[in-house]
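Chains as they are written, first to last, in our numbering: chain A, 1 to 273; chain B, 1 to 148.
In short, the hints are calculated from the structure, not lab data. Built from N, CA and C at the ideal position, the CB exists for glycine as well. Incorrect hints may have been included.
Said to hold, decoys possible - Computed spacing ranges between beta-carbons, pair by pair: (1) Asp62(B) to Ala192(A): 22 to 32 Å; (2) Gly222(A) to Asp62(B): 49 to 59 Å; (3) Arg145(A) to Lys148(B): 28 to 38 Å; (4) Pro98(A) to Asp62(B): 50 to 60 Å; (5) Ser188(A) to Thr70(B): 39 to 49 Å; (6) Gly119(B) to Gln79(A): 25 to 35 Å; (7) Arg135(A) to Asp62(B): 32 to 42 Å; (8) Pro163(A) to Thr104(B): 39 to 49 Å; (9) Lys90(B) to Gly270(A): 52 to 62 Å.
Unchecked claim - Pairs of lysine to aspartate or glutamate, EDC-like flavour, derived with a Cα cap of 20 Å: (10) Lys34(B) to Glu83(A); (11) Lys113(B) to Asp68(A); (12) Lys90(B) to Asp62(B).
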Amino acid sequence: MAVRNIVKWRSGLLVLILLTCITVPAEAQSSRRNLEGMWSDPPPTAVGAFCAFACTDAGIDRLNALLDDPANDARPFEQLQAEAKTYEREYIRARLTPAALKTYPLDPADDPGFLRCEPWGLARQMFAPHQIEIRQRGNDRIELRYGEWDARRTIYMDDRKRPANPGPNRMGHSAGRWDGETLVVETSGIAANIAVWTDLNGTAEHSDQLRVTERYTRSKDGDTLLLTATMADPWSLREPVVMKKIWRWAPDQKITPYKDCERPTEFKRGVKR
Amino acid sequence: MKLLRAWLFVIPVLVLSVTGAISHHAFSPVYDEKRLITVVGVVTQFRFVNPHAMMFMDVTDDSSKVVKWTVEFAGRLNLSNVGWTADSIKSGERVTVTGNPTHTGSDRMFFRKLVRADGTELLPAGPQRLNAIEEERRQRALQRDQRK
Chain A
1 MAVRNIVKWR
11 SGLLVLILLT
21 CITVPAEAQS
31 SRRNLEGMWS
41 DPPPTAVGAF
51 CAFACTDAGI
61 DRLNALLDDP
71 ANDARPFEQL
81 QAEAKTYERE
91 YIRARLTPAA
101 LKTYPLDPAD
111 DPGFLRCEPW
121 GLARQMFAPH
131 QIEIRQRGND
141 RIELRYGEWD
151 ARRTIYMDDR
161 KRPANPGPNR
171 MGHSAGRWDG
181 ETLVVETSGI
191 AANIAVWTDL
201 NGTAEHSDQL
211 RVTERYTRSK
221 DGDTLLLTAT
231 MADPWSLREP
241 VVMKKIWRWA
251 PDQKITPYKD
261 CERPTEFKRG
271 VKR
Chain B
1 MKLLRAWLFV
11 IPVLVLSVTG
21 AISHHAFSPV
31 YDEKRLITVV
41 GVVTQFRFVN
51 PHAMMFMDVT
61 DDSSKVVKWT
71 VEFAGRLNLS
81 NVGWTADSIK
91 SGERVTVTGN
101 PTHTGSDRMF
111 FRKLVRADGT
121 ELLPAGPQRL
131 NAIEEERRQR
141 ALQRDQRK
């Protein structure tokens with residue numbers, strides 16, 4: 001009887017050891033799955049600065065080519081960044097439909113966020129500079145809070161269907177899932193608004209047909225968060241466009257009240273950069 | 001209080017933001033990024049708020065008239081990242097401020113640099129980030145030369 005108990009105990013121990021062996025990598029994985037906490041402006045690197053708002057691989061490649069050319073060593077970084085951004089704006093231009101090209105790039109003086117302090121829609125908010133705070137709420141939701149505009153959105157993780165007839169709204173309806181260590185968020189039902197391509201000097205109109213697939217991945221060292229967003233909108237885009245953004249882990253930062261937006265009293269239309 | 005003699009000059013210069021000093025709207029409709037101006041005056045209020053921090057100051061012009069100036073900053077979210085607080089600028093302080101003028105030439109500017117009476121400076125995030133990026137460029141050029 002005693003021998004049988006020892007065998008049982010040893011078998012149980014073996015199972016426990018095996019389970020531990022299996023769960024160690026799972027825990028390591030979950031630490032990178034865990035995006036919770038405060039993130040903020042990108043690292044002070046050339047690519048970080050370039051992607052402070054949003055960027056494309058084409059733009060990053062252009063910037064790197066400029067930085068690698070010895071002929072540019074004496075030129076200020078701002079000049080190279082501006083040149084790569086101009087290139088990126090043209091890259092986007094080639095992917096816009098005639099409908100969107102009619103007003104691209106939109107005059108920043110006509111921006112409702114500027115003129116009327118109107119909060120941004122998803123296609124700008126998800127690339128907003130500064131803080132993004134990510135919090136898990138129960139098992140079925142992740143909440144994102146942005147420093148800019150103190151905007152908030154909910155990502156539903158429980159496969160629920162879109163609410164019946166919700167109508168397009170500013171942030172749309174977001175459903176999320178994990179793909180390995182990457183949080184994938186599919187959003188539709190986004191009201192027609194303004195999309196930011198490159199930066200606030202490279203914006204265009206989008207329709208309520210816009211669908212966005214966001215992929216959030218934490219770096220291996222845990223210090224940076226990368227967003228890769230695929231934007232598809234048959235009204236404004238000839239083909240889906242992939243945008244990127246970087247944040248840096250910033251646990252000490254706080255989002256502070258955002259309630260003092262004032263409508264402009266003076267401005268000029270048509271100023272080109 | 002004895003009013004301070006103000007001075008103002010305009011420097012044509014190319015100033016481009018590194019991190020997008022203005023976040024919630026573009027810079028270009030209001031301010032001329034190709035010029036800088038400098039004024040000296042006394043701070044009457046500093047508001048450390050979002051989306052843009054604001055400073056109000058009394059500037060005495062050449063005819064001894066006090067002119068109310070407004071200085072707009074990046075947002076609190078941005079300035080906090082480089083250590084600014086609500087006490088970074090105090091009412092009653094004499095300061096020299098450099099910034100981008102408005103297109104209309106009104107008594108308003110977008111902040112680029114502040115020098116206190118004791119010579120200490122306040123800068124936005126851009127220059128600090130630029131220094132780090134320039135160091136990255138030097139290292140990059142060094143590695144490129146070593147590969148040759």
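Using the Cβ atoms, figure out if Asp62(B) sits within 22 to 32 Å of Ala192(A). Cβ of Asp62(B) to Cβ of Ala192(A): about 52 Å, so the range 22 to 32 Å is violated.
| said: Against the range 49 to 59 Å, how does the distance between the Cβ atoms of Gly222(A) and Asp62(B) compare: consistent or not? | reply: holds (57 Å)
Verdict for Gly119(B), Gln79(A) (Cβ pair) under range 25 to 35 Å: holds (31 Å)
Given a hinted range of 52 to 62 Å, is it respected by the beta-carbon distance of Lys90(B) and Gly270(A)? violated (39 Å)
> Is it true that the C-beta distance of Pro163(A) to Thr104(B) lies inside 39 to 49 Å, as the hint says?
Replying inline: Cβ of Pro163(A) to Cβ of Thr104(B): about 47 Å, so the range 39 to 49 Å holds.
query: Lys90(B) and Asp62(B): Cα distance at most 20 Å?
result: violated (25 Å)
Worksheet item: Is 28 to 38 Å a correct range for the gap between the Cβ atoms of Arg145(A) and Lys148(B)?
Response: Cβ of Arg145(A) to Cβ of Lys148(B): about 49 Å, so the range 28 to 38 Å is violated.
Quiz item: Between Arg135(A) and Asp62(B), does the beta-carbon spacing fit 32 to 42 Å?
Solution: Since the Cβ atoms of Arg135(A) and Asp62(B) sit about 56 Å apart, the hinted range of 32 to 42 Å is violated.
Requested in this report: For the pair we were handed, Lys113(B) and Asp68(A), check the Cα-Cα distance against 20 Å.
Outcome: At roughly 31 Å apart (the allowed maximum being 20 Å), Asp68(A) and Lys113(B) break the hint.
Q. Does Lys34(B) pair with Glu83(A) here, judged by a C-alpha cut-off of 20 Å?
A. holds (16 Å)
(Q) Is 50 to 60 Å respected by the C-beta to C-beta distance linking Pro98(A) and Asp62(B)? (A) holds (55 Å)
- Message: Within 39 to 49 Å: is that where the Cβ-Cβ distance between Ser188(A) and Thr70(B) falls?
- Response: Check passed, 43 Å falls within 39 to 49 Å.
The structure fails hints 1, 3, 7, 9, 11, 12 (numbered hints given earlier, in ascending order).
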